[in-house]
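Trainee: Protein chains in written order, with the UniProt record's numbering: chain A, 1 to 296; chain B, 1 to 296.
Take the hints with a grain of salt, since some may be wrong.
The list makes no distinction among identical chains, and a pair is therefore deemed to hold if it is satisfied within one copy or across any two copies.
With a Cα cut of at most 30 Å, we get these calculated DSSO-like pairs of lysine-lysine [stated by the list, open to error]:
#, residue 1, residue 2
1, K26, K123
2, K85, K33
3, K85, K26
4, K141, K230
5, K229, K201
6, K110, K33
Calculated directly from the structure, the hints in this document are not laboratory data.
2 protein chains.
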Amino acid sequence: MSNIKDRVMDLYPSRVNDYPEILKRKDPVIYSKDPAAGPLDAEQINFYQKNGYLLFERFFSEEEVRELRNELKRLWDANQDSDAKEVIREPESREIRSIFAVHRNSETYKQLSQNRRLTDIVKQILGSDVYIHQSRINYKKGFSGKEFYWHSDFETWHVEDGMPRMRALSCSITLEDNYHFNGPLMLIPGSHQYFISCVGKTPENHYQQSLRRQEYGVPDQDSLTLLVKKHGIDSLTGPAGSVVLFDCNLMHGSNSNITPLPRSNVFFVYNSVENKLVEPFSGQAPRPEFIASREQ
Amino acid sequence: MSNIKDRVMDLYPSRVNDYPEILKRKDPVIYSKDPAAGPLDAEQINFYQKNGYLLFERFFSEEEVRELRNELKRLWDANQDSDAKEVIREPESREIRSIFAVHRNSETYKQLSQNRRLTDIVKQILGSDVYIHQSRINYKKGFSGKEFYWHSDFETWHVEDGMPRMRALSCSITLEDNYHFNGPLMLIPGSHQYFISCVGKTPENHYQQSLRRQEYGVPDQDSLTLLVKKHGIDSLTGPAGSVVLFDCNLMHGSNSNITPLPRSNVFFVYNSVENKLVEPFSGQAPRPEFIASREQ
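Build out the structure end to end from the sequences listed, making use of the hints.
Mentor: Pasting the structure below:
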């Protein structure tokens with residue numbers, strides 16, 4: 001357990017009370033000291049500041065997407081019978097749901113994570129050098145793709161990984177066309193300005209379950225209803241090769257996908273080197289390296 | 001089991017083979033002998049003929065919707081602890097999913113099912129007098145609304161209820177605003193021209209499970225992929241009080257709904273009096289009256 005000193009320093013307490021709470025964000029959204037330096041222009045910076053995300057349609061060319069998709073398929077085939085801890089399967093079958101740490105275990109995705117066009121934008125937002133906190137590919141198959149319930153990534157990274165401040169962002173690269181009807185990413189724009197302190201306590205080794213189905217660190221229905229009433233929901237559609245950058249504390253999720261159209265993507269989390277991990281605020285052991293990198 | 005004579009007369013065999021098959025529709029879509037008589041105009045008739053559905057935005061006024069929604073809530077409250085067979089609960093909880101036979105058990109919905117503006121359109125399409133084959137309300141709650149997998153209603157009504165021909169239609173009346181993101185009805189336009197003969201055999205008393213979760217009469221993935229490649233998917237959005245009419249054989253379904261916004265609706269199936277039920281084509285006992293009316 002955390003001692004009193006740790007608890008006092010926890011700006012974003014969660015899973016400590018038996019009632020939920022909405023706290024104001026205590027960190028900047030845009031960290032760059034000279035936002036005008038680019039590559040994002042003032043309009044994009046303002047959009048990100050206000051809404052907590054940016055969508056770049058066709059950020060990657062069709063040829064680049066083809067290569068990324070080939071690698072996706074290669075990893076799918078190669079890991080069918082794998083017992084590697086990085087391979088996460090669906091809750092009710094052996095089907096692969098995600099593969100973690102692809103920025104280490106795949107040369108293609110390693111290069112992708114270091115793509116300069118991408119990282120220059122990330123560095124502008126976070127105002128420092130960055131490193132990969134987490135990476136994964138999500139296979140959201142057709143017909144049976146399951147929902148991801150609403151969550152703030154930061155809530156988990158803070159409680160379970162010890163990420164101290166909101167100075168990280170997620171980058172999702174779509175490898176398939178995203179439509180309204182195949183379970184696209186849904187965001188609550190503006191929700192990054194609030195921290196929903198969740199109810200309950202985290203069990204030990206929670207991650208072994210939570211990567212398949214989240215049960216702790218789940219925001220309460222009243223807080224979600226308030227956020228949606230105030231800010232609405234944006235559901236992000238666009239062709240393969242589009243990129244979404246979103247703040248680590250933006251509330252997001254997705255519905256199931258019964259259509260024949262899959263919705264696979266690559267997911268990188270960039271964290272500022274000024275925001276390196278400390279002990280988890282849950283007071284428990286940190287999650288393993290393949291989920292939350294402590295090397296920079 | 002059906003004898004050979006019955007089998008020969010079965011124009012739409014399903015759940016009899018261990019392989020799926022796509023058959024051409026053998027029935028008209030528009031039955032009216034004088035379609036120009038209205039109330040639908042030629043453009044609407046042609047749209048229905050081609051796509052298998054029609055959407056009428058704001059068919060009912062806000063005041064009418066308010067009354068229908070009050071009755072929805074009254075039935076929800078009144079049936080919380082009910083053991084009535086008409087009350088169907090979610091597969092993994094006691095939460096009410098649907099209530100059947102509301103055109104008999106609720107005065108409000110009985111009147112709604114007889115609404116002249118509605119039934120005049122239905123009679124024009126089906127070219128005869130009509131009666132209610134099935135009615136229900138669906139409570140698609142926020143946060144945890146589950147998906148309905150792809151299906152043709154006719155497939156079930158034919159196999160399990162003995163509906164001989166494609167001369168019926170479904171009418172869904174939305175009691176909440178439908179957005180892209182709260183699990184709206186998805187249709188494969190044009191799919192009503194094909195009959196997907198499904199694999200497998202129907203267990204006895206299948207309906208007790210299938211109303212909660214469908215496992216038989218499920219179209220195969222290859223056929224669905226072909227239909228979607230050819231015809232795409234329309235997902236129907238619009239304000240509360242909108243009406244969708246769709247052909248009994250149109251392939252449809254819906255994704256889950258994790259948003260706080262519920263998506264309840266009222267559902268009436270109108271069948272032509274010229275198309276009355278015979279023995280189920282499964283050769284098994286017919287489903288009970290509250291699911292498939294045999295009185296006209």
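Trainee: Hints first: check each against the structure and report whether it holds.
Mentor: Hint check results:
no., hint, result
1, K26 / K123, "within (20 Å within a copy, 62 Å between copies)"
2, K85 / K33, "neither (40 Å within a copy, 66 Å between copies)"
3, K85 / K26, "neither (35 Å within a copy, 53 Å between copies)"
4, K141 / K230, "between (32 Å within a copy, 20 Å between copies)"
5, K229 / K201, "within (28 Å within a copy, 47 Å between copies)"
6, K110 / K33, "within (28 Å within a copy, 66 Å between copies)"
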